[in-house]
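Enquirer: Please work from the sequences and hints to get the whole structure.
Chains as they are written, first to last, in this note's numbering: chain D, 79 to 187; chain Y, 65 to 176.
No wet-lab data here; the hints were simulated from the structure. Just so it is clear, CB atoms sit at the ideal spot from N, CA and C, and this is done for glycine as well. Just so you know, nobody snuck in bad clues.
Below, a sample of chain Y positions facing chain D; criterion: calculated Cβ distance under 7 Å: (1) G106; (2) L107; (3) L109; (4) Y112; (5) A114; (6) P161; (7) V162; (8) K164; (9) F167; (10) S169.
Keeping only pairs whose Cα atoms sit at most 25 Å apart, straight-line, the calculated BS3-like set for lysine-lysine is: (11) Y:K164 x D:K135; (12) D:K100 x Y:K164; (13) D:K143 x Y:K164; (14) D:K93 x D:K184; (15) D:K184 x D:K151; (16) D:K151 x D:K135; (17) D:K87 x D:K151; (18) D:K135 x D:K93; (19) D:K151 x Y:K164; (20) D:K135 x D:K100; (21) D:K87 x D:K143; (22) Y:K121 x Y:K164.
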Amino acid sequence: AQRVTQPEKLLSVFKGAPVELKCNYSYSGSPELFWYVQYSRQRLQLLLRHISRESIKGFTADLNKGETSFHLKKPFAQEEDSAMYYCALITGGGNKLTFGTGTQLKVEL
Amino acid sequence: DAGITQSPRYKITETGRQVTLMCHQTWSHSYMFWYRQDLGHGLRLIYYSAAADITDKGEVPDGYVVSRSKTENFPLTLESATRSQTSVYFCASSESPVEKLFFGSGTQLSVL
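Expert: Pasting the structure below:
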C-alpha cells in the first residue's frame with residue numbers, strides 16, 4: 079500500500095534548537111514527496127517538495143530511498159515555526175496527494 | 065489565496081440531513097480535491113476530480129457525493145449526515161498534483 083507515516087503527533091523544542099520532523103513512506107517506484115504546513119489561522123500551504131531541492135524558511139528535506147524517509151529539518155527553530163506539518167506523497171498514478179497524519183511542532187521560548 | 069473559496073465557513077446540522085459544501089476556484093485549475101481533517105487521522109482524501117465531469121474516489125468516500133459540471137466548482141454533498149462526519153473539510157485545487165495544491169480556508173461541520 080502507498081502510504082505516509084509521521085510517527086510523532088507532537089514535537090516540542092526550544093527556540094534555537096535543531097528540529098527534525100520525521101516522515102517515512104511506502105511506495106514502489108520513484109516517490110514524489112512534499113511537506114505542507116498549516117500555521118495558526120492560516121490556510122494549508124506548500125512548504126517544499128523534494129524535486130525542487132530548495133530550502134524554504136530555513137527548512138530542508140532529503141529523500142533517502144534506502145530508509146524510505148523524507149525527514150524535514152531546520153538547524154535552529156524559531157517561534158514562528160510553530161505549526162502543523164504534513165508530509166505528503168503523490169499516489170494514484172500521479173493523480174492524487176496522500177497526506178500523513180501530521181506533526182504539531184511547538185517551539186518554546 | 066482568495067482564488068479558492070469555500071462556503072459555508074461553519075455549519076451545524078442534524079443526523080440524517082443532507083448538507084452541501086461548496087468550493088469555487090478562479091484559476092481554471094484542472095484538479096480539485098476534497099479532504100477531511102480529523103485529529104489522529106490527519107488529512108484524508110474524500111474525492112478528487114482531474115477535470116470537469118471526471119471524478120474519482122479517495123480514501124474515505126462513503127456517505128459523500130461530488131459533482132463537477134463546471135471546472136471552477138466542486139461541491140461536496142453529504143447525503144444523510146452522520147455524527148462521524150463531524151470534521152473540518154478542505155477543498156484544494158491545482159494544475160497537477162505534482163504542482164502546488166492551493167487550499168481553501170475550510171468548512172467546520174458539526175453533525176448533532
